[in-house]
Amino acid sequence: MSTELKSRVSAAQSALSEREFDSTTLLLAACFVPMFVFFLVVWVIPIIYALGMSLFSAPVRNPEFVGLGNYTALLGSAEFWGFLWNSIVYAVATTGLSLVIGLGLALVINQKIRGGDALRTLMIFPYLLPTLVVIFMWKFILDPNIGILNQFLVDAGFIDSPIAFFSTLEFAMPAVVITSVWKFASFAFFILLARLQAIDPDLYERARVEGATTWQAFRDITFPHLRGAILIILLVRGIWMFNKFDIIYLSTRGGPLQQTTTLPIRVYQIAFSEVNFGMATALAGIMFFLLALVAVVYFRAFAPEQEVA
Amino acid sequence: MATSKSRTNGLVSHDTQKRLQRIAVYLTALLISVFTIIPVYVMVVIAIQSPATTFAGGRVNLLPTEPSLRNFVVLLGSTDTVRYFVNSLIVTLGSTILSTAIAVAAGYGLTRFDFTGKSLAARAVLFSYMFSPIVLAIPLYVVFSTLGLLNSHFALTLALTAISAPFCIWLMWQYFQTVPIALEESAWVRGASRWRTVKDVVLPVARPGYISSAIFAFAVAWNDFTMARVVMSRDEMYTITVGASLFLDRVSIGWGETMAVSLLIALPPFLIALFLQRYLLQGFSVGGLE
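Residue numbers (the numbering used here), protein chains in the order written: chain A, 1 to 309; chain B, 1 to 290.
Some hints here could point you the wrong way.
[As the list claims (entries may be wrong)] Covered stretches of chain A (in silico footprint by chain B; criterion: 3 or more residues with CB under 8 Å from a CB of chain B, positions within the stretch not fixed):
| hint | segment |
| --- | --- |
| 1 | 41 to 54 |
| 2 | 118 to 130 |
| 3 | 182 to 196 |
| 4 | 245 to 254 |
| 5 | 263 to 274 |
[What the hints assert, rightly or not] Label-pair ranges, simulated between beta-carbon atoms:
| hint | chain 1 | residue 1 | chain 2 | residue 2 | range |
| --- | --- | --- | --- | --- | --- |
| 6 | A | PHE272 | B | LEU276 | 32 to 38 Å |
| 7 | A | GLN197 | B | GLU236 | 46 to 52 Å |
| 8 | A | ALA198 | B | PHE115 | 31 to 37 Å |
| 9 | B | VAL82 | A | ILE159 | 38 to 44 Å |
| 10 | A | VAL33 | B | ASP235 | 36 to 42 Å |
| 11 | A | TRP85 | B | VAL82 | 39 to 45 Å |
| 12 | B | GLN21 | A | ALA29 | 57 to 63 Å |
| 13 | B | LEU246 | A | ASN62 | 31 to 37 Å |
| 14 | A | ALA29 | B | SER252 | 52 to 58 Å |
| 15 | A | VAL44 | B | VAL82 | 35 to 41 Å |
| 16 | A | GLN197 | B | ILE97 | 29 to 35 Å |
| 17 | B | THR65 | A | ASP160 | 26 to 32 Å |
| 18 | A | TRP85 | B | GLY148 | 36 to 42 Å |
| 19 | A | ASN62 | B | PHE154 | 25 to 31 Å |
[Stated by the list, open to error] So these bits of chain A aren't anywhere near chain B, every CB distance computed over 12 Å:
| hint | residue |
| --- | --- |
| 20 | SER161 |
| 21 | PHE171 |
| 22 | ARG227 |
No wet-lab data here; the hints were simulated from the structure.
Since this is a predicted model, take the numbers as computed values, not measurements.
For every residue, glycine included, the Cβ atom is placed at its ideal position computed from N, Cα and C.
Isolated chain B (complex conformation):
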């Protein structure tokens, strides 16, 4: 539909071109949302429907006609899911706290004190951030095994922190540069000690920084499979990802329970995405997550 303003540009008018572009844009958006939503939808429906309904008549029925909690009841009743969950929570919280604490201290120190070799330190931090978990897992396994630390929450907490801490340090290092030192100076001038200043001035201002750093550490540890697979070999020490990964090989466990456990595993990250998205995006803007 050509208006008086439109210019012809090759074969089609400018307006037609604009409109086609608009359609292409919405089509791309639609395609990608469908591609993203379908697997999640499938997981949820299978989890909340009993297998008898889902697989009735030899075909997969993906309309949630008869919601049921049967899968969750079976899952929690006949597997060690609760124990795996507790293991995951212990090491995830442990490494989140450890990683963030190290990062806050290091980030503050690195921006407030000067020393030679700072750019070397920056490179080392970034290099370890890019490092492969499996390449680090083998040496850690060897050392933990020598020290008799395999199958302990402590060892896995350390291993997970090894993966998350480099990026947390990098994040806090960048974050503290945005905190003006004048804030601290004015506290010193009024006679506050450096420690008081850190506690009452620096930490409160740094809050958005360490929240995003903690979210990152949490996501890394909760998602981890590699480290837990290597460090924990005793069944009762498995984390939820390792424990659930074995479900597929067990005849007694079907897709219903598998999707139910998936839903439980997905819950914490889902809540993070829902409520803490902006902190997460802050992480992306500094250079992505793993």
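Excised from the complex, chain A in its bound form:
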């Protein structure tokens, strides 16, 4: 809040009568109590409870205190590092591809081409379609028996027999990545388009007059304006994709042979298939820690909290 605003608020507040004081206090409570109670109930208490639980071993009844045993067991297993690697591959591939496609499309639409508005509207659909619907569509398109992609590839002579994309070792991860990019490229697109439209057209006019090539104009004008947005996409989208559960669970359940098992999938499996809540919450704790680490980088890079007063 600016100092001017601050002094006006306090002046206005002191102008209020005694009677008004009570109602101001009430208003203050009405503003903050719901938020605090809410955060306490659905965030703080469950997380503390879970962190506590991560120090105990299964079974559900009479769990035994094992200290950091669950954590050391996880970090000491080759399995964990494999799943971490899967998460990283998935996050990097989906975020990278989304960024490239989103950037390409944002640059295209920013050219004010015919039908650009329609394209922009079109881009919002994949983003809004519920994940389940997206999975149904792609499961059908990539289906080995009736899928239209296989039908096309076989007809065109690219392959001899249909491929079961979601359940073949080498194709499972690419299939999950393509499905995810289809849904999330628009995230990068909209953020980048907003930045592009904020660039002063005079800059390009001046560059053109001075004889700059399209590439030079992109390098010296467009890219510097987009740098912050690109960093946000890489960090925020990267975090979200690293933690994505529903797309992978719905498409492959983490298979085949744990080829697409990422940490979020593993947390779910440990909790609900193996019913080992101590271990599951310990893994969630590790993810929490990783998340916090990236968040620190994010806050250092952007100081987004300065945006609000």
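Please build the complex by placing chain B on the supplied structure of chain A, with the hints as guidance.
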């Protein structure tokens, strides 16, 4: 085609370069629209055509030659789709209202009252916005299970609100900064109480803010699979996404019904995109959605 104005630039003239660029631009646009449209088209055609027509002759027929409502009739007649839909509506509306109410109050408070630790609060809100639903779902499951709240609309509403509220708060916090405090001051000067002012001055001005916040909360809850999967384990409590996700494992349900239910699930977000797009874009400009 070189004009007198054109400059040569390496191998090709400036005009040719411009034209090639134009072609590349339209080609990219075309490619991406095809990539975006095909899956949606496939879904719609399969949903409105009977499987007998779609899969006639062992090949997929994707020209809607004989539209039929058969898939919807089977879907609504032989599955619990309606019940799942009602469950989804209850928790989605519940969490939309709860999330927006908390966000409006918090957003107003955070811009109009001062306190130490405000930037810490901002960080906490943003951190929880970035949080992973599955990482939060496990602790929530444990707590709800301890309290005997699993399989209740109430618990799922709270869980969904946990996911949407942080961003809604952030949105309203930013939005209220654009509402000049002078508006309120002039109402106070004329003797209106702070409460009256909030009701008659602040809330009407904040409308675009809380509409976009409500759209976001609605989209999050409607789309949710993770929280519902974890919190609801009894069949009759499933939301539409969880209920429909099980269709693929049921022999009696084929692609026709699956695409029909997809179309129904996609309807509310589709309407939002159609009519409320500008509010949604406002959300993107503040820092994206999940």
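Hint check:
no., hint, in the structure
1, 41 to 54, "holds (count 9)"
2, 118 to 130, "holds (count 11)"
3, 182 to 196, "holds (count 5)"
4, 245 to 254, "holds (count 4)"
5, 263 to 274, "holds (count 5)"
6, A:PHE272 / B:LEU276: 32 to 38 Å, "holds, 36 Å"
7, A:GLN197 / B:GLU236: 46 to 52 Å, "holds, 48 Å"
8, A:ALA198 / B:PHE115: 31 to 37 Å, "holds, 33 Å"
9, B:VAL82 / A:ILE159: 38 to 44 Å, "holds, 42 Å"
10, A:VAL33 / B:ASP235: 36 to 42 Å, "holds, 37 Å"
11, A:TRP85 / B:VAL82: 39 to 45 Å, "holds, 44 Å"
12, B:GLN21 / A:ALA29: 57 to 63 Å, "holds, 60 Å"
13, B:LEU246 / A:ASN62: 31 to 37 Å, "holds, 34 Å"
14, A:ALA29 / B:SER252: 52 to 58 Å, "holds, 55 Å"
15, A:VAL44 / B:VAL82: 35 to 41 Å, "holds, 38 Å"
16, A:GLN197 / B:ILE97: 29 to 35 Å, "holds, 33 Å"
17, B:THR65 / A:ASP160: 26 to 32 Å, "holds, 30 Å"
18, A:TRP85 / B:GLY148: 36 to 42 Å, "holds, 39 Å"
19, A:ASN62 / B:PHE154: 25 to 31 Å, "holds, 30 Å"
20, SER161, "holds, 15 Å"
21, PHE171, "holds, 18 Å"
22, ARG227, "holds, 16 Å"
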